[in-house]
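S.K.: Please construct the entire structure, taking both the sequences and the accompanying hints into account.
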Amino acid sequence: MHDEIFRDPSKETSLRVQNAKETLLERSKASPSPWTEGDCLDGFLLEKKLGSGSSGVVFRVFDTKTERRCALKLLKSCSPDELLRNKLGFRRMMPLAHPNLLRVDRIYQLGSYIALSMEEVKGVTLSEAIKEFRHLNPVQAYSQLLSLLRDFATGLDVMHSHELLHRDIKPDNLMVDEAGRGRIIDYGLVESFGLNSNIGGGSNFLVGTPHFFPPEVICTQLYLPAGDIFSLGISMLEAIYDLQPESKEQQAGLERSRENQRADAEQIETAIRTLPDSVPGVILDACREMLEQEPCDRPTAMGLSRLGMPATHSVSWHKQEPLIGRRNECGKLFNWVEDIFNGELGRVHITAPAGLGKTRLLDEVVDYIEGKKWGQVFRARCRLREDHPLQAFDQICDAVANRYLLDDREVMTLDAVSVELLKGMFPVLGNVLNSSMRISPNETPPVGVDKFIAATRLTKQLRQVGPLFLVVDDSQWADRDTLNLLDQLQSAVGDAGLGIITASLEDSDRQRALATHTLRLNPLNLDESLAMIKCATDRWNVDINDDMLHELALSAQGSPFRLQQLTDELRPGGVVADLTGDGVTVLPSLDRIWKQRLERLSDDARGILTYVVTSGGYVSTQQLGELTCQGETVDVAISELSQQGLVIDEATGGECITLFHDRVTGELIANLPQQDVHLAHQAWATLLMEQDASGPLAARIAGHLFAANKPAMAVPHAIAAAQDAERRLAMTEAGRWYGRVIAHVDDAEKVILLRKAARCYAAATLPVEASLYYQELSTLVDGDESIECRLMATSLLLRCGRLETIDDQLYELAVMLNAPIPRSSRKSLFWGLGGFGRSVVIRAKLLLNPLRSILTRNKVNPLRHTDFIDPDSSTRKSIKLDRQCLRMCMMLIRPMSFFDHIYAYDLCIAYSRLAKKCGNRIEEVEAFIIESVFNCYEVGKWRDEAESNLALIRPEVEQLQSHQVSAAWWSGIAYSHALACRWSHVVNPARTSFEEFQHVVGVSGFEGAHMLWLDVWSNWFLGNWNEVFEITTGMSDDALRRSDFFQLALMIGGFGRGAWLGQDRVDDLTQLQPRCKNFASDSPTPNPFIVFDCVANIQECIYKKQFSDGWQIYQKLDASSRGGPRATVQLARVSALIVGTLLAIHQYAENQQEDWLTRIRAMTAELRRERIPFTLMLADYYDGLMLLQIGHRHGSETVMSECRALLGSARIQAEQQHLLPYVLAAEDALKESETGQSSDLLLSRMFQHGVVNPESFSRLYTVKLR
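Numbers in this note's numbering are just positions in the sequence shown, counted from 1, shifted up by 107.
Hints in this document: simulated from the structure, not taken from any laboratory. Each hint should be verified, as a subset may be incorrect.
Said to hold, decoys possible - In silico EDC-like pairs for lysine to aspartate or glutamate, Cα to Cα no more than 20 Å straight-line:
hint, residue 1, residue 2
1, K984, D891
2, K439, E471
3, K641, D675
4, K567, D501
5, K479, D515
Claimed, not checked - Here are the in silico distance ranges between beta carbons for each label pair:
hint, residue 1, residue 2, range
6, G150, R704, 28 to 36 Å
7, T740, T1177, 55 to 63 Å
8, G450, Y918, 29 to 37 Å
9, P534, G158, 47 to 55 Å
10, T1177, K530, 40 to 48 Å
11, T740, K641, 36 to 44 Å
12, D188, T143, 25 to 33 Å
13, G1315, Q1213, 27 to 35 Å
14, K641, N442, 23 to 31 Å
15, S1351, V1107, 58 to 66 Å
16, E892, Q664, 51 to 59 Å
17, T143, D384, 43 to 51 Å
Ideal Cβ positions, reconstructed from N, Cα and C, are used throughout, including at glycine.
M.R.: Written as structure tokens, this is what we have:
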């Protein structure tokens, strides 16, 4: 029949004539077998022939080594392709253990033959069972048939859920065991498929049994899960025919049409329609649906597994055991997934020790996402010893490329720059990306951030299809570049939602950007452990006494991994299964079970295991065969390892073998002889070098050679790996590889590699690592380069807050360059002089006065040393030294003003002197601007004169037409207003300066942070909280991505803390504060960050109503500031008084102690002595709030009248200064003084601006009556 069956004439399918009910390409079953009962093959005694199949003979055998009986399938001689197909199908089924499937064991090489050991199913085939059913009454017979249909469907569902196709479902491959349970057997044609890949894509040959072929296989050679359902439908229809008493005499069974698909469909429909009325409707309808011509119209295996059962019926285990003990976690994750589907963006981080089920929980979430429409999930898993740049995204891009190669999606179109960058990083994307010159990149990203922008654009394109989810398991092993890219994507807005899920072993999250949600998994409790064991006992139909049940649960210590390993031993032949029964209460420990597994391994399997352990990732059978010289017989050892649960074999034919669990990996490596490990690594390196010595495999080769203790051989491969990482813009990995070889090369090459390592780490925004290499490089080079390296290292460490590490470097640089020397005695000098401390400023002023002459100049002068004609060497040396000193001062003044503004004064003096001596016009103007800012620190004539000079110099700034000078001037204007607390005048200059700095080549993110914290503070006092939230969130995320903890400290310190409190992100603050601890350290030098930190912490205490704790912080701050350097900056004093006075009023309102009134009056008096409009307004406002509390308590109208006068005055002053929160708060307080009830104008404004908890947030501005 098969030679005439319909097929697509355009397909050249290789067919041969044979019986339609035989499996294609099989040899005749009548061919003589080379084995007979009683033969003994390598320890297997062939006791009884159980049957002959398409590719071999099955015997019941007795294993003389293990003294167990099993079934052994001996494969006949066949072509290499058929042999490979049989072995792959067998290996694919090895991980599956289910009552409706045949449990396969392992592969053996018996002489020149391959043998497959498996469970012996004691029973009959479906065809033989139907003959027995004919003796039953019809109701019983059809009830049995329906039960078998559910069993077979359940077995298929298990296979399909593991992305496996049987491809040869027919009555001879469907068995009924002694318990009456349906079992699917014969896995020689099992094939894998992927939901995001071409499923069973048309091939040029057919496999299977033609009589049971679905139409899509015949026409297009397309194998689908629905094809197995069709074959099962034909088998059921055949079974119904065979059940009829007259079938053998009157009917020849179902005939398939040999003409065309339509005729075949009509033939099947006729066969169903002519079935007798005794066939139950549920079976009849199921057959009709299973035999639909279109695959999409057929039912799923899962649906059939519940056929005829009530809705409450619980089907047996399918893909995995039920997830027990994680209901709450699943609920939270599913709700988060819904948020992503609604267009939100965020990341969930799951953390737990090894064995608590992180990966299993990820499986559950992925299934949930894939069960919804349009959800896209791309998954990756990082590995400890996988030396590969951007390893997680490499896997994700592979999955994206595979998905977009399907027919239902068009390639993505991006701007040309992004396409080239992405192809360079991930070559696999070359076939799914098109570049278009019509698309504008829109952004102009800074150098080194291009890859992040390109990756963000890629995710936006992916999200055009639907919500996008990226899942990264074991992120504790992720390379830094992967983590940086994940950080960047957390801010990637788009048309649809983007969700990132990371899972790690560590409590701390290695990503810098904070997760929106964090889930910490706990061990299962006893009841949950018992429930998990109960599922396993039900699955394997094992009776186990209560004592053993509890012992199993307790021995697992709440670990799902250990429970799974123990319950797997409940299967027939398992260690625990042999011990079940009454009276047995002693169980072997899991460690002992693992040890027994290792002890039982053959020598070949042990050798294979060593290579798998040292591979650093997935490996192929071909690689293992070459390494062990076992060739094609390596499948035998692999199946042994898989059967013992030591490796996972995905059996794809490629690199598909890896260790079962990271916990197993660690234990195995610890127990392997060191010499064997070294030899294995060297063998891997040799094998990989034969494939590719300089390309993408260079990193793996270098890693293996280093692990083999062959560093000299590793050097060229490590350099090639670094170059490959640079090409992919994975600068962290590039820096790591360059750094790794430095110790193994001579000094000349070491200098080159140090330069590259430092440059790569700096580009990767890892300043601490970069500074270490700059420091080492400075000791190996001479002259200008050495000084430049020292400067870079010092500047990088300073901006990370590593003050304790730069003292010696600063001193050495200062001595070398004849610059101001930082001295620890500076503190005692300044403080000891008291009021004379201002002499430092006076000295700076006197030295800088000559610079006023620049206001009359009209031309930009070149560097001073170019005016010399043929200067002698000493002069040239002096000029060079001065220029280097000038550069040092320029690099350190701004950051040092936050850490030690006295030393910053000294640097300013030196910078101004050198700018006049050897600087250009731009440097002279910048020096003048810096001088003016320093003179604005205090109220008085110096500030007035400085502000006047800044205004006078504007024409000069505009004439220079320099972004650098313009940015500096606008910065000076912004700072002059901020230092005088003129908040409404700060925002525009600060933003203009920030924009100008973006055009200056070589400027770091520090300058942006140096300006935008003023923007945050100003909007805090102006009441523009939504802008405060936006700026703080954006700058904090940027700081975390770049490890710029200076910028982060500015965004979470001072009044920037209010942004986090306004969004009620207190938990996030708890995570971020330790990263900035170095900035607020109590060093002997004056540190404005201490004021910032104290002000922020006091705000947080007020928000939480922890007033006593806040007062302790204020007292410490006040004691350290009085008479010290921090008292010389008006803004620092005022900031402390703002929160301190408000806190004191809260304290009085809470406990009504009279001594608080004394403190409040003293602090408002200090505010008045500051003599600026802002503090005068605050003094009236705070006195008014205090009197409101007093008047309410004592009922004094006189006090209330004075209270209203002060609050009215404060409201008018606040309106004049555009300080809206204080205007509204004063009006609310006035209303309270009149009626006892607030008008809540401030709360309404906060609610409109998205404040999460306005009631708590309002405490940062006002004190209500209690």
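S.K.: Now tell me, hint by hint, if it's right for this structure.
M.R.: We went through each hint and held it up to the structure:
| no. | hint | verdict |
| --- | --- | --- |
| 1 | K984 with D891 | 11 Å, holds |
| 2 | K439 with E471 | 12 Å, holds |
| 3 | K641 with D675 | 12 Å, holds |
| 4 | K567 with D501 | 18 Å, holds |
| 5 | K479 with D515 | 18 Å, holds |
| 6 | G150 with R704: 28 to 36 Å | 19 Å, violated |
| 7 | T740 with T1177: 55 to 63 Å | 58 Å, holds |
| 8 | G450 with Y918: 29 to 37 Å | 55 Å, violated |
| 9 | P534 with G158: 47 to 55 Å | 50 Å, holds |
| 10 | T1177 with K530: 40 to 48 Å | 42 Å, holds |
| 11 | T740 with K641: 36 to 44 Å | 42 Å, holds |
| 12 | D188 with T143: 25 to 33 Å | 28 Å, holds |
| 13 | G1315 with Q1213: 27 to 35 Å | 32 Å, holds |
| 14 | K641 with N442: 23 to 31 Å | 29 Å, holds |
| 15 | S1351 with V1107: 58 to 66 Å | 42 Å, violated |
| 16 | E892 with Q664: 51 to 59 Å | 58 Å, holds |
| 17 | T143 with D384: 43 to 51 Å | 50 Å, holds |
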